[in-house]
Structure formats: C-alpha cells, structure tokens
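So the sequence lines, in the order shown, correspond to chains A and B. All residue numbers for the first sequence refer to our numbering, where the first residue is 1 and numbers rise by one. All residue numbers for the second sequence refer to our numbering, where the first residue is 1 and numbers rise by one.
Since the hints were made in silico from the structure, they are not lab data. Do not rely on the hints blindly, as some may be mistaken.
With beta-carbon atoms standing in for the labels, derived distance ranges [claimed, not checked]:
{"no.": "1", "chain 1": "B", "residue 1": "L83", "chain 2": "A", "residue 2": "Y318", "range": "44 to 50 Å"}
{"no.": "2", "chain 1": "B", "residue 1": "L212", "chain 2": "A", "residue 2": "W23", "range": "38 to 44 Å"}
{"no.": "3", "chain 1": "B", "residue 1": "K257", "chain 2": "A", "residue 2": "G178", "range": "31 to 37 Å"}
{"no.": "4", "chain 1": "B", "residue 1": "G29", "chain 2": "A", "residue 2": "D166", "range": "55 to 61 Å"}
{"no.": "5", "chain 1": "A", "residue 1": "F320", "chain 2": "B", "residue 2": "N240", "range": "43 to 49 Å"}
{"no.": "6", "chain 1": "B", "residue 1": "W206", "chain 2": "A", "residue 2": "G88", "range": "30 to 36 Å"}
{"no.": "7", "chain 1": "B", "residue 1": "I280", "chain 2": "A", "residue 2": "F320", "range": "39 to 45 Å"}
{"no.": "8", "chain 1": "B", "residue 1": "A153", "chain 2": "A", "residue 2": "W23", "range": "27 to 33 Å"}
{"no.": "9", "chain 1": "A", "residue 1": "F320", "chain 2": "B", "residue 2": "L70", "range": "36 to 42 Å"}
{"no.": "10", "chain 1": "B", "residue 1": "K257", "chain 2": "A", "residue 2": "Y318", "range": "40 to 46 Å"}
{"no.": "11", "chain 1": "B", "residue 1": "E189", "chain 2": "A", "residue 2": "W23", "range": "23 to 29 Å"}
{"no.": "12", "chain 1": "A", "residue 1": "V45", "chain 2": "B", "residue 2": "I280", "range": "39 to 45 Å"}
{"no.": "13", "chain 1": "A", "residue 1": "F321", "chain 2": "B", "residue 2": "F40", "range": "32 to 38 Å"}
{"no.": "14", "chain 1": "A", "residue 1": "A37", "chain 2": "B", "residue 2": "I280", "range": "33 to 39 Å"}
Result set (DSBU-like, lysine-lysine): computed pairs, CA atoms no more than 30 Å apart in a straight line [stated by the list, open to error]:
{"no.": "15", "chain 1": "B", "residue 1": "K257", "chain 2": "B", "residue 2": "K244"}
{"no.": "16", "chain 1": "A", "residue 1": "K272", "chain 2": "B", "residue 2": "K60"}
{"no.": "17", "chain 1": "B", "residue 1": "K125", "chain 2": "A", "residue 2": "K324"}
{"no.": "18", "chain 1": "B", "residue 1": "K257", "chain 2": "B", "residue 2": "K60"}
{"no.": "19", "chain 1": "B", "residue 1": "K257", "chain 2": "A", "residue 2": "K272"}
{"no.": "20", "chain 1": "A", "residue 1": "K100", "chain 2": "B", "residue 2": "K125"}
{"no.": "21", "chain 1": "A", "residue 1": "K272", "chain 2": "B", "residue 2": "K125"}
{"no.": "22", "chain 1": "B", "residue 1": "K72", "chain 2": "B", "residue 2": "K257"}
{"no.": "23", "chain 1": "A", "residue 1": "K272", "chain 2": "A", "residue 2": "K100"}
{"no.": "24", "chain 1": "A", "residue 1": "K135", "chain 2": "B", "residue 2": "K287"}
{"no.": "25", "chain 1": "B", "residue 1": "K60", "chain 2": "B", "residue 2": "K72"}
{"no.": "26", "chain 1": "B", "residue 1": "K244", "chain 2": "B", "residue 2": "K60"}
From the three backbone atoms N, C-alpha and C, an ideal C-beta is built for every residue, glycine too.
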Amino acid sequence: MTTAIAAAPSRKSGIRRAFDQHWYAWAMVAPVVIVLAVLVFYPLVNGIWLSLTNTTEANQAAEICRKSLGGGTICTPNADPARFVGLGNYADLLSGRIGKFWPQLEITLIWTVTCVFLHYTLGLALALLLNREFKGRAAYRILLILPWAVPAFVSAFAWKFIFARDSGILNATLGVVGIDPIDWFANTATSLMAVIVVNVWLGVPFMMVAVLGGLQSIPAELYEASAMDGASPWQQFTNVTLPGLRPVSATVILLGTIWTFNMFPIIFLVSKGGPAGSTEILVTGAFKAAFEGIRNYSLAATYGVVILSILVVYSVGYRFFLRKQGEVW
Amino acid sequence: MAQTTIQDFVEPTLPVSVATRPEKSRPRGNSILLHATVIFASVIAVFPLVWILLSSFKPKEWIQSSQITLIKEPTLANYQALLNNTDFLVWFRNSAVVALFTMVFGIAMSASAGYAISRFRFPGKRPLMWTFLITQMFPVAILIVPIYTIMAALGLINTPASLVIAYCTVAVPFCTWMLKGYFDTIPVEIDEAGRVDGLGPYGTFWRLILPLARPGLAVTAFYTFLTAWGEVAYASAFLNTNDKFTLAYGLQTFVPKDPTLPLWELLTPAAVLITIPSGIVFFFAQKHLVAGLTAGGTKG
C-alpha cells in the first residue's frame with residue numbers, strides 16, 4: 001500500500017532508464033549498502049575463508065611485528081604462514097577434537113529455549129496486564145521497561161553482585177531462612193540458572209513492549225463481538241488475542257531466538273563460562289578461541305560459520321512452518 | 001516481511017487507547033490481584049538497580065559484608081575513589097564519544113535507507129530487506145576477526161573510530177528495518193502534498209517526513225545509543241590500552257582473575273554513573289517506545 005507510490009513498473013528496459021528512475025532510491029540506500037558490503041559481507045566471505053585455513057595468531061601475518069621495549073616495532077618474515085586446510089577445522093570442531101562443541105551446543109540450546117520461552121510468556125503476561133486501564137499504568141510501564149535502559153554489562157555486574165557468594169544479597173536472604181550460602185557459579189546447574197535469570201530479566205521489557213504494541217493493534221470490536229457471543233475471558237484470549245498477536249509474535253520470537261543464541265555479554269561477564277567452561281555457549285566459546293590464549297582465528301571463524309548455518313536453517317524452517325499454517329510472511 | 005498482516009488495521013497515530021479494557025467492569029478482588037502482580041514485577045525489574053545504588057554509598061567493608069543493610073554509614077568515598085584513582089572518566093568520555101557518533105551515523109544512514117525502502121519501489125529492494133534480517137543472524141564470532149583485520153589494515157585498532165564503524169554494522173540493519181516500518185505508517189498523501197507544493201524528494205523527506213517520524217527516530221536513537229554504550233565483544237577485542245578503553249571494557253579491569261574478589265566498591269558507583277546517561281536517553285525515548293517499536297520492529 002504505502003510502498004507503491006514512486007515508480008510504476010518501467011516499460012522500457014535498459015540500465016540508463018532504470019538509473020533515471022531509481023537513482024534517488026539507490027542514492028538513499030547507498031550508505032547502508034556500502035557499510036554492509038564492506039563490513040558485513042566482505043568479513044563474512046573472509047570469515048568463511050579463514051575457517052578453511054589454519055590461521056592463528058602465530059602464523060597470521062606474512063611478517064611478525066612486535067613492539068620493542070624502545071617503543072618502535074620490529075618485523076621479521078613469518079616462517080610458517082597460514083595455509084588452506086579444507087574442512088579440517090570443521091572435522092576438528094564437530095568431532096570434539098578441539099574445543100567442546102557438542103556440550104556447548106547443548107548449553108546454547110537450553111539457554112536459548114529457556115530464555116526465549118520465559119521472555120515471551122512473561123512479556124505477554126505483563127503486556128496483558130499493562131493493556132488494561134488502571135491507576136498508575138504509565139508509571140508501572142516505565143518501571144517495567146527500565147531493565148532495558150541499563151547497558152547489558154552493567155546489569156551483568158549488578159546481578160553478579162547479587163549472586164556473589166559471600167557478600168551477595170541473595171545468599172544473605174537465604175541465610176535468614178537458614179540456608180547455607182550457595183556458591184552459584186561453582187556448579188553447572190546453578191551457574192546456568194543464574195545466567196538465565198539475568199538474561200530473562202534483561203530481555204522481558206523488549207518482548208513486553210513489542211507484545212503491548214501488538215495488543216493495541218487488535219481492534220476493540222473483536223472483543224466486543226466475542227463478548228456478545230458469550231465468550232469467556234479465556235476463550236477471548238485464545239480466539240481473539242493470540243491470533244491477533246500472531247504477526248508480532250512470529251517476528252519477535254524469531255528475532256529473540258537469534259539474539260539470545262548470539263547473546264554474548266551475559267555469560268561472558270556473569271559466569272565467565274564457569275565452572276570450567278561448562279556454561280560456555282557457542283558464541284562465547286568462539287570468542288575465547290579467537291581472543292584468549294594463542295588466538296585461534298580459524299577455529300573462531302569455524303564456530304562462526306557453524307553458528308550462522310544453524311541460525312539460517314532455523315529461520316528457514318521457522319518461516320516454512322509459519323507458511324504451512326497459512327501465514328503470509 | 002510481516003507487513004501485509006497487521007498494517008491493514010493499524011493506524012498508529014495514538015494506539016494507546018485502541019483496545020484497552022475498560023476499568024469499570026472489574027471486580028475489586030481482581031483489581032487487587034492486578035496491582036499486586038504489577039507491583040511484584042516492578043520490584044523485580046527495579047531491585048537490582050536500586051540495590052546497586054544503595055550499595056554504592058556504603059563503605060567498602062559494608063559492601064562486602066553478608067549482613068543485609070539498606071543504608072549503612074552513607075558516604076561518597078567510593079565515588080571519590082572511582083573518579084580520582086581510576087581512569088573511569090577517560091573511559092566514560094571514550095564511551096560517550098563512541099555512543100554519540102554511532103547514534104548520529106546510525107540514524108542518518110538508517111533513516112535515509114528506511115525512507116527509500118518504504119517509499120520507493122526499486123530493483124534490489126527485496127534482497128536488501130532480506131539482507132537486514134539475515135544480518136541479525138551473524139554471530140559476532142564470524143565477523144569479529146575479519147573486521148579486526150580490516151581495522152588493523154586501516155590502522156584503526158585501538159581507536160574510537162573502529163568501534164563506531166563496527167557498531168554501525170550491528171545497529172544499522174535493525175534500525176533501518178524499524179524505521180522502514182515507521183515510515184510505512186505515515187500516510188503517503190503527505191509526500192504527495194509536499195511534492196505538489198514544490199518540494200523535491202529530499203525536501204519531502206527532510207522537512208515533512210522526518211519531523212513526523214520523531215517517535216520512530218527516538219526509538220532508533222535509544223537503540224543505537226544503547227548498542228554502542230553497552231557493547232562488550234568488539235570493545236574487548238579492538239581496544240588494548242587503558243586510555244582508549246570504553247566503559248564496557250574498562251570495568252572488566254575491576255574484576256580480577258578468579259580467587260580475588262571483584263572490586264565491588266568501585267563497580268557499584270561505576271554502574272550507577274554509567275546508568276545515568278542511558279537513563280536520560282531512555283527517559284526521552286520511552287514515551288515513544290511503544291509507538292515506534294510497534295510500527296517498525298514488529299511489522300518489518
């Protein structure tokens with residue numbers, strides 16, 4: 001509807017004509033396209049290439065340069081430059097020879113499914129409440145969106161403080177009812193639970209705001225009509241509210257899944273993947289491969305390609321599933 | 001992408017009162033339950049922030065104590081220590097520079113692209129829309145090393161510019177998508193009226209559409225600012241000297257290797273001071289959040 005104003009389909013063909021007609025639109029999208037091309041697509045191709053080589057910090061450059069004590073740099077030619085290794089990295093990663101891919105994938109799936117499920121259900125519940133009229137609604141809305149306004153790393157530290165073993169208020173509160181202090185990050189289950197709590201706290205406001213917008217786009221007449229037909233509140237919810245939210249839900253659940261799957265700072269800062277790397281998700285595992293110890297750039301790139309593949313397959317499947325249910329999306 | 005479904009009945013000018021339930025028909029018990037639930041949720045939402053705020057005014061030994069106290073010997077010593085003995089202010093300035101530039105460039109790029117995608121039909125439009133969605137899927141893991149190499153080649157490692165550029169790649173696709181949706185909700189007749197009055201396409205965009213799109217722009221500003229203000233991975237990878245750190249990286253220096261406890265007496269006041277600017281941006285953007293996000297983020 002709104003998109004159709006500018007150009008009627010061109011009858012004459014030819015680049016010149018296309019240019020005359022579309023140069024304005026192209027000029028307006030050009031900056032974004034250039035940025036994406038240079039900083040997303042070139043790196044993507046480069047990343048895929050890296051995953052097929054054995055590049056590490058040690059063999060990356062043709063020359064190895066180090067800062068000398070005097071402040072200058074000294075460069076020497078690289079004796080063992082990186083080379084093409086085919087699918088060797090993938091074999092190493094997927095067979096578990098290097099890194100801990102399968103345990104990390106398992107944690108990633110638990111993390112993503114739990115977080116997105118809780119984000120959506122809590123977001124929906126709060127949105128339903130906020131969609132009613134009551135005193136102080138605007139104030140509650142601001143308070144409930146507040147976690148979104150705080151940078152993720154600050155929230156991460158704030159929660160780390162709450163979960164701290166000796167001085168954390170959580171253990172102190174448990175102490176009041178006679179439970180001994182728990183070292184939350186000392187075993188996998190509690191550590192994973194803690195990071196999930198933090199991420200749920202962080203992600204609910206976005207879902208809530210998105211769902212609230214969706215709720216407000218459902219015409220009031222539908223509720224009136226269904227009430228006249230004698231529908232119970234629950235029937236209204238399942239037959240009017242949920243179907244009306246479908247377009248919004250479809251998008252935010254897809255985006256939420258992608259974002260959570262790739263959510264880096266919470267695990268990186270709160271549990272640091274601990275204990276012993278057992279709460280590492282794929283993204284933090286990749287980052288550690290790339291930037292900790294001897295930087296294994298090719299392994300990180302391999303992780304990246306695998307993560308991207310998983311997400312692409314998921315999105316295509318998701319879209320197919322929605323299509324099958326008759327959604328035009 | 002989901003544009004055919006929801007748009008048909010949304011006129012988002014003031015969507016707040018469209019489908020809200022009337023208040024009168026609710027029994028008293030339900031009302032109490034409603035308030036209780038919302039209050040409970042609000043307390044959970046606010047508690048970690050309040051707790052950090054309260055703790056930041058306690059002396060060090062009380063921060064580390066396992067006793068629960070809300071206010072204990074309030075002092076500004078932690079703030080003084082943070083501001084005088086650490087590079088916090090330098091990091092703060094670096095973060096502000098990075099966030100502001102990201103915000104300005106991000107909005108400029110995504111607004112013009114979003115408008116073009118919303119108003120013009122041009123070859124390459126659909127692939128571009130798809131690109132924006134797919135870009136969301138790129139894990140930082142696959143891009144970070146190649147971008148690092150590009151920045152190194154350009155000599156930008158350890159500069160704020162490298163972060164601004166990297167953050168734009170994160171923020172721009174989503175913002176374009178969001179703003180496109182927002183522009184879709186502004187009636188085309190306004191463009192046409194502008195054209196009749198002799199405005200060129202650029203004039204229409206700049207003088208008519210942008211002012212109308214303020215809610216959408218506010219949300220975009222909020223989003224880009226927050227993206228840049230809070231990003232950890234790129235900052236941790238690109239920066240390597242203390243005077244160039246952003247807050248997201250600098251604060252990690254207050255968390256020493258494991259057996260040593262984090263320096264809570266520095267982290268708590270830092271968290272408070274960091275939250276203030278994003279809180280201010282949030283305060284200005286929040287009343288547009290529902291309208292802006294509904295129009296854009298969820299409709300694509």
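Which earlier hints turn out false for this structure, listed by number in ascending order?
2, 4, 6, 9, 20 and 21
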